[in-house]
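Given chain A, put chain B in place with the hints provided.
2 protein chains.
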Amino acid sequence: MNNDWLNLIDEMQEGSERAMARLISRVENREPGWLDAMKIVHNKSGKAQVVGITGAPGAGKSTLTDKLTRELVNRGHTIGVIAVDPSSPFTGGALLGDRLRMTEICSLEGVFVRSMATRGALGGLSLAARDVVKIMDAAGKDIILIETVGVGQDEIDVVKTADNVMVVCVPGMGDGIQAIKAGIMEIASIFVVNKADREGADRTVAEINMMLSMCSNPLDKKIPILKTVASTGEGVTELIDALVEDLESREEKKDWQEERAREEILTLLEKEVARYVRGKWDGEKGMDNAVRQVIARERDPYSIVEEMVKFLVMDVQ
Amino acid sequence: MNNDWLNLIDEMQEGSERAMARLISRVENREPGWLDAMKIVHNKSGKAQVVGITGAPGAGKSTLTDKLTRELVNRGHTIGVIAVDPSSPFTGGALLGDRLRMTEICSLEGVFVRSMATRGALGGLSLAARDVVKIMDAAGKDIILIETVGVGQDEIDVVKTADNVMVVCVPGMGDGIQAIKAGIMEIASIFVVNKADREGADRTVAEINMMLSMCSNPLDKKIPILKTVASTGEGVTELIDALVEDLESREEKKDWQEERAREEILTLLEKEVARYVRGKWDGEKGMDNAVRQVIARERDPYSIVEEMVKFLVMDVQ
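Protein sequence lines, in the order shown, are assigned to chains A and B. Position in the first sequence counted from 1, then plus 569, gives you the numbering used here. Position in the second sequence counted from 1, then plus 569, gives you the numbering used here.
The hints are simulated quantities; they were obtained by calculation from the structure and are not laboratory data. Predicted, not measured: the structure shown is a model, and the values here were computed from it. Wrong hints could be hidden among the right ones.
[What the hints assert, rightly or not] Pairs of lysine to any residue, SDA-like flavour, derived with a Cα cap of 20 Å:
#1 B:K840 x A:R847
#2 A:K879 x B:D605
#3 B:K879 x A:W850
#4 B:K616 x B:E580
#5 B:K854 x A:A830
#6 A:K849 x B:Y845
#7 A:K729 x A:K849
#8 B:K613 x A:A865
#9 A:K840 x B:E832
#10 B:K796 x B:D810
[As the list claims (entries may be wrong)] Chain B residues, not near chain A, derived (Cβ > 10 Å throughout):
#11 R587
#12 T647
#13 M780
Ideal Cβ placement from N, Cα and C applies to all residues, glycine included.
Chain A extracted, bound-state conformation (with noise of 0.2 Å):
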């Protein structure tokens, strides 16, 4: 492996943020050993948590991510944020708005972030994600933020990755409503109602505590549901205290850890195994005559494909 690499994981670890920038970067361009960096950097990694905040459009996640990430470097920690950019051909704008904002949180010492776009991750949006993740964590972020748009199963994805997942609604969007019906609460372990000082915050809440105690809980557990108003800085405080309580009591638990490092390596080899299917394919002659054959629809794809599978797996079974 290349020294080149060493250095880099070497400087990140002592500390140097610009070492962190490029090994991100040039993990996420698969440059040749990125596979054996990201060994050395997951056998240094595992100590951080990993909060994913989301929720709708306009409803103050910058704002929040803004909030949190300053009370808790105030509380002692380190943190990592990961911006997910929605980067939609058309509603860029519209969808990051405050984006911009969280530029000032890079100059607190201790904060380290990252914007990350849903088009052209290579290998898909939550395996990125989960290496900038490892990557931070081993830098020695204690705590790593994902703020991200809820918009897109890529992104339910990675915020299914995360230890919390916070879910930011706004009073007068029935987002209790919307949430429910799409299955966040599978996902969410806190609850946080924003822009609280407008009208109708506290019905919101009821609806969302409605909906909850409706819904089969799998961990069976109370799923706090904090009111803040993150452009003041209002409930901040308590809404950290919820979140130090949700990881601490879900420390205890291993059975999620299970499921997510099972969950990462299916998700990894499903990935290799398509990424080499592809490579051997792809330009061959027997994929130019198939081609041929499904556009004079002399065959169909589906008996290729099936035959093709089984011709790659016949000597494994």
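Frame of chain A, contents of chain B only:
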């Protein structure tokens, strides 16, 4: 193969929309026999032309789809409409907006409308949408419109499978620039500036024009920019003329047909191999050990997966 499936396909080809709806649902749910059913469907398909309609939330895509459908029906076409529902846990209402309006066109002779959720599509949205396109095609629909909000890689992948892609912008949103930034340019066959009765429509057209002149055009073909007011129907006739011309010019080119068939086979292959691999390993003793080792940081998931892939393919190479 089950007679049930064959009967459904027969009934569908005799014109039963109920049979088509059931066939789509059963394939979506991956009911036993779906693969064999899709083999038959594939060989009965290949006539329809597929039009993707994408753009920012609020650009008026649903209204435009409604008007396009009506006009195409007047011209003697039978139409399938696939409305891709972003099904965000949060933005559901906001993103969907006037999707409900489309239920009106369901009642038109020869029109079949189907909604698809981006979440939970087994095997991924683009494969699932391809299945629905083929079923509608086999059912005899001439033209299939896929309407989608351009959020997320999944949705972009869906639009990429279309023969013609309309990118819908509105004046004054800076869409021209946003679209270029995200590389939507590469997939646009026609630009539509909708709500063109608003101020700034001509400036938006000029902006798109300028951007187009700066980009390399893979098909070396002038991309039309049309102004519409979908709510009144203004410009829809001209848009359909441009659509028909584009579809005819594309029929002569076989390159993109090959490209698309190749992509379909490879995507299907990746998914099927991944599914096989997950089924094989999940729950196995080897996997349980791997999970334990990863959590204990005795081993890293990257090495484990590397080893599994090697084992899986060593007899094949």
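Okay, the hints, checked on the actual structure:
1. For a cut-off of 20 Å, the pair hint linking K840 of chain B to R847 of chain A stands: about 11 Å separates their Cα positions.
2. A C-alpha spacing of about 16 Å is found between K879 of chain A and D605 of chain B, which places the hinted pair at or below 20 Å, so the restraint holds.
3. Only pairs whose Cα atoms come within 20 Å are accepted, and K879 of chain B paired with W850 of chain A is accepted, the gap being roughly 17 Å.
4. The suggested pairing of K616 of chain B with E580 of chain B holds, with an alpha-carbon distance near 19 Å, which does not exceed 20 Å.
5. At roughly 15 Å between alpha-carbon atoms, K854 of chain B and A830 of chain A fall within 20 Å of each other, so this suggested pair holds.
6. The straight-line distance between the Cα atoms of K849 of chain A and Y845 of chain B is roughly 17 Å, inside the 20 Å bound, and the hint therefore holds.
7. Between the alpha carbons of K729 of chain A and K849 of chain A the distance comes to roughly 32 Å, so the proposed pair goes past 20 Å and is violated.
8. As the CA atoms of K613 of chain B and A865 of chain A are separated by approximately 11 Å, the hinted pair is consistent with the 20 Å bound.
9. Our distance criterion of 20 Å between C-alpha atoms is met by K840 of chain A and E832 of chain B, whose separation comes to about 16 Å.
10. Among the hinted pairs, K796 of chain B with D810 of chain B is consistent with the structure: their alpha-carbon atoms are about 13 Å apart, no more than 20 Å.
11. At the 10 Å boundary, the C-beta of R587 of chain B stays outside the reach of chain A, the nearest C-beta of that chain being 25 Å off.
12. At the 10 Å boundary, the C-beta of T647 of chain B stays outside the reach of chain A, the nearest C-beta of that chain being 20 Å off.
13. Taking the minimum C-beta to C-beta distance to chain A, about 13 Å, the non-interface status of M780 of chain B holds against the 10 Å cut.
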